[in-house]
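Engineer: Read off the chains here:
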Amino acid sequence: MLMVRAIIRPEKKEEVLSELSRAGFHAATVIDVVGRGKQKGIKISGIIYDEIPKVMLMMAIRDEDKDDMIRLILKYARSSEQGAYGDGKIFISPVDQAYTISSGIPSL
Amino acid sequence: MKEIMAVVRMNKTSATKKALVEAGVAGFTAFKVEGRGKIVTNPSLILERKNELLLMAGEDQTGEAEKLITDFLVGTSICPQRLFTILAHDDEVDKIVQAIIAANKTCNNVGDGKIFILPIADAVRVRTGETGETAV
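If you read the sequences in order, they're chains B and R.
Residue numbers for the first sequence, in our numbering: 1147 to 1254.
Residue numbers for the second sequence, in our numbering: 2 to 137.
Fair warning: there could be bad hints in the mix.
What the hints assert, rightly or not - Computed list of lysine to aspartate or glutamate pairs in EDC-like fashion (alpha-carbon distance at most 20 Å, straight line):
hint, chain 1, residue 1, chain 2, residue 2
1, R, K96, B, D1211
2, R, K39, B, D1211
3, B, K1159, B, D1242
Claimed, not checked - Label pairs and their calculated CB-CB ranges:
hint, chain 1, residue 1, chain 2, residue 2, range
4, R, G59, B, S1225, 25 to 35 Å
5, B, K1184, R, G64, 45 to 55 Å
6, R, I40, B, I1190, 18 to 28 Å
7, B, I1190, R, A66, 19 to 29 Å
8, R, I40, B, Y1222, 40 to 50 Å
9, R, V22, B, S1225, 41 to 51 Å
Unchecked claim - Sample of chain R residues with no beta-carbon within 12 Å of chain B, all distances over it, derived:
hint, residue
10, E35
11, L69
12, D95
13, K106
These are calculated hints, taken from the structure and not from any lab test.
Only a predicted model underlies this, so the values are computations on that prediction, with no experimental measurement involved.
Ideal Cβ placement from N, Cα and C applies to all residues, glycine included.
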């Protein structure tokens, strides 16, 4: 089991979520975050903005779904065909166990 | 060392906090998040609550209220949730998970949330600079 954390542009949230849902990855947790990346924020007319609003999607998936998930996020979170600075990042970490509270069963 | 991430109902925040204190872990971080879970494919699971909510909606000629209620119960809409992250020693994980489940279980069959357990490579206490298990 893996935890995928994708930081994407807020304006891409709806599209990414609906495409993920269509591909069968319906469950997601959405967090509004601020941050900066490798470009050290953006500089507009002399002012540096380094707390850029982004959206973080958190999804727990089975190991075999990883490639599908990454492909979908890469496809729909990009602001243009070739991508641009600020389109975001995807982090993947292992999950030891997941529990569904309603049933108490240890499964995804 | 493990990180326990629990996504629970918004109105279960204080119950969860209380359960954590009783389980012997007072430290946690909580976030306001939005989320959705698996789609409910079995309509009988939500039938009772649907009728209940429809009664509360009152006169509904446009069918808008019914659509909102269905989206909410089936899980196609994104709703506010609370995310707890708790750092725990390996041997305490099970106890904490059971405490969270006990505090958050409702009789609604679905939508009570999820708990994830992730491995943590290292932790540092800022005040003393301690690392590893002692920092938890």
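Engineer: Against each hint, give a clear statement of whether it holds in the structure.
Structural biologist: Hint check results:
1. R:K96 x B:D1211: 30 Å, violated
2. R:K39 x B:D1211: 16 Å, holds
3. B:K1159 x B:D1242: 27 Å, violated
4. R:G59 x B:S1225: 25 to 35 Å: Hint violated: Cβ distance 44 Å, outside 25 to 35 Å.
5. B:K1184 x R:G64: 45 to 55 Å: 49 Å, holds
6. R:I40 x B:I1190: 18 to 28 Å: 42 Å, violated
7. B:I1190 x R:A66: 19 to 29 Å: Cβ of I1190 of chain B to Cβ of A66 of chain R: about 45 Å, so the range 19 to 29 Å is violated.
8. R:I40 x B:Y1222: 40 to 50 Å: Roughly 20 Å apart at Cβ, these two residues miss the hinted range, so it is violated.
9. R:V22 x B:S1225: 41 to 51 Å: 45 Å, holds
10. E35: 4 Å, violated
11. L69: 18 Å, holds
12. D95: Label violated. Min Cβ-Cβ 10 Å, cutoff 12 Å.
13. K106: 6 Å, violated
In terms of the numbered hints stated before, the structure departs from hints 1, 3, 4, 6, 7, 8, 10, 12 and 13, listed from lowest to highest.
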